[in-house]
Amino acid sequence: MSDAGVPLLRHGPPETVLPPEPDEIRAGLAAAAASDEPVAAMSAVCERRPVSLEAWASLGETLESTGAPPALAYAAFRTGYHRGLDRLRASGWRGSGYVRWKYPSNRGFLRALSGLQRVAGRIGETDEAERCALFLVQLDPDWPTPEAEREGGDS
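In my numbering, the protein residues as written are 1 to 155.
If you're looking for bench data, these hints aren't it; they were derived computationally from the structure.
C-beta atoms are modelled at their ideal positions from N, C-alpha and C, and glycine is treated no differently.
Please note: incorrect hints may appear among the correct ones.
Stated by the list, open to error - Restraint ranges, calculated between C-beta atoms of paired labels, are given here:
{"no.": "1", "residue 1": "Ala68", "residue 2": "His11", "range": "43 to 53 Å"}
{"no.": "2", "residue 1": "Arg94", "residue 2": "Ala34", "range": "36 to 46 Å"}
{"no.": "3", "residue 1": "Pro19", "residue 2": "Glu147", "range": "28 to 38 Å"}
{"no.": "4", "residue 1": "Ala30", "residue 2": "Pro50", "range": "10 to 20 Å"}
{"no.": "5", "residue 1": "Asp127", "residue 2": "Ala31", "range": "35 to 45 Å"}
{"no.": "6", "residue 1": "Asp36", "residue 2": "Gly12", "range": "25 to 35 Å"}
{"no.": "7", "residue 1": "Asp127", "residue 2": "Asp36", "range": "21 to 31 Å"}
Could you put together the complete structure from these sequences and hints?
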């Protein structure tokens, strides 16, 4: 396992920066968002690259915005969250330290976690919603950032 993604800071915990999503995934997500059937198109992107955190977060947000049953958005966000934990560990994260919004490649994971918090609260999973809220602030003490609020990652 490489420590390349976890630079040590002079003061405080280490910071993890995930590798960026491939250009083809970002292009696929942009096309899916403009599609007449965005849920099906986003789902297809998730199926093509199931490790894509951006894809799972985008699918969850699309499900939320189209009025789909909350359980479907919950499943997408939870998948993105768990895939994100896997990607963080592969990038050298050891279960603690910062994963900040200011790095665009971290945003898919943080959007999935924020979405999981929102939908967990909506379906009555208040303990999970509270754990997610705490985890977000532990990962990025500046949470929610103004950029996150604009991009739908607010909680």
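Hint by hint, here is what the structure shows:
1. Ala68 - His11: 43 to 53 Å: Roughly 44 Å apart at Cβ, these two residues keep to the hinted range, so it holds.
2. Arg94 - Ala34: 36 to 46 Å: The hint (36 to 46 Å, Cβ to Cβ) holds, given that Arg94 and Ala34 are roughly 39 Å apart.
3. Pro19 - Glu147: 28 to 38 Å: Since Pro19 and Glu147 have Cβ atoms about 20 Å apart, the given range 28 to 38 Å is violated.
4. Ala30 - Pro50: 10 to 20 Å: holds, 19 Å
5. Asp127 - Ala31: 35 to 45 Å: holds, 38 Å
6. Asp36 - Gly12: 25 to 35 Å: With Cβ atoms ~47 Å apart, the hint is violated.
7. Asp127 - Asp36: 21 to 31 Å: violated, 39 Å
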